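Peer 1: With the first letter of the sequence shown counted as 1, position 72 gets the number 72 in the UniProt record's numbering; the numbers rise by one all the way through.
Since the hints were derived computationally from the structure, they do not count as laboratory data.
None of the values given here were measured: they were computed from a predicted structure.
Take the hints with a grain of salt, since some may be wrong.
With beta-carbon atoms standing in for the labels, derived distance ranges [to be verified]:
hint, residue 1, residue 2, range
1, G90, G35, 36 to 44 Å
2, A59, Y37, 16 to 24 Å
3, P41, T84, 37 to 45 Å
From the three backbone atoms N, C-alpha and C, an ideal C-beta is built for every residue, glycine too.
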Amino acid sequence: MLKKKNVLFSIRCFSQIASEAGFEVIPFFCGHGIGTYFHGPPDIVHVPSNHVGNETMKAGMTFTIEPILCDGHPEIIILDDGWTVVTVDGSRSAQYEHTIVVTERGSRILTK
1 MLKKKNVLFS IRCFSQIASE AGFEVIPFFC GHGIGTYFHG PPDIVHVPSN HVGNETMKAG
61 MTFTIEPILC DGHPEIIILD DGWTVVTVDG SRSAQYEHTI VVTERGSRIL TK
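Using the sequences and the hints given, assemble the complete structure.
Peer 2: Below, the structure is given as structure tokens:
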């Protein structure tokens with residue numbers, strides 16, 4: 001379920017599904033809104049958060065989900081190049097991204 005407070009939504013199911021499969025979601029990265037801007041609000045976090053309220057997304061809103069999963073501890077460091085991210089324990093990780101639009105009947109994945 002997507003919940004909003006200001007510009008933060010949380011998709012809590014990623015953490016539960018990852019944990020059940022023996023993985024962790026790296027919480028330091030999030031999805032984002034898509035509009036007349038790139039990487040704009042709202043932020044879409046992939047872990048439970050105490051900073052979300054009770055408002056839900058509305059039809060027409062478009063956003064990305066971009067969870068990063070790892071098979072170890074989710075603590076990360078950013079290397080000196082300012083771009084490369086690795087887990088502190090050297091565990092393997094993988095990231096995927098989808099763009100989704102909320103419709104009157106639910107949602108539709110645009111990047112299938």
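Peer 1: Identify every previously stated hint that the structure contradicts and give their numbers, smallest first.
Peer 2: 3
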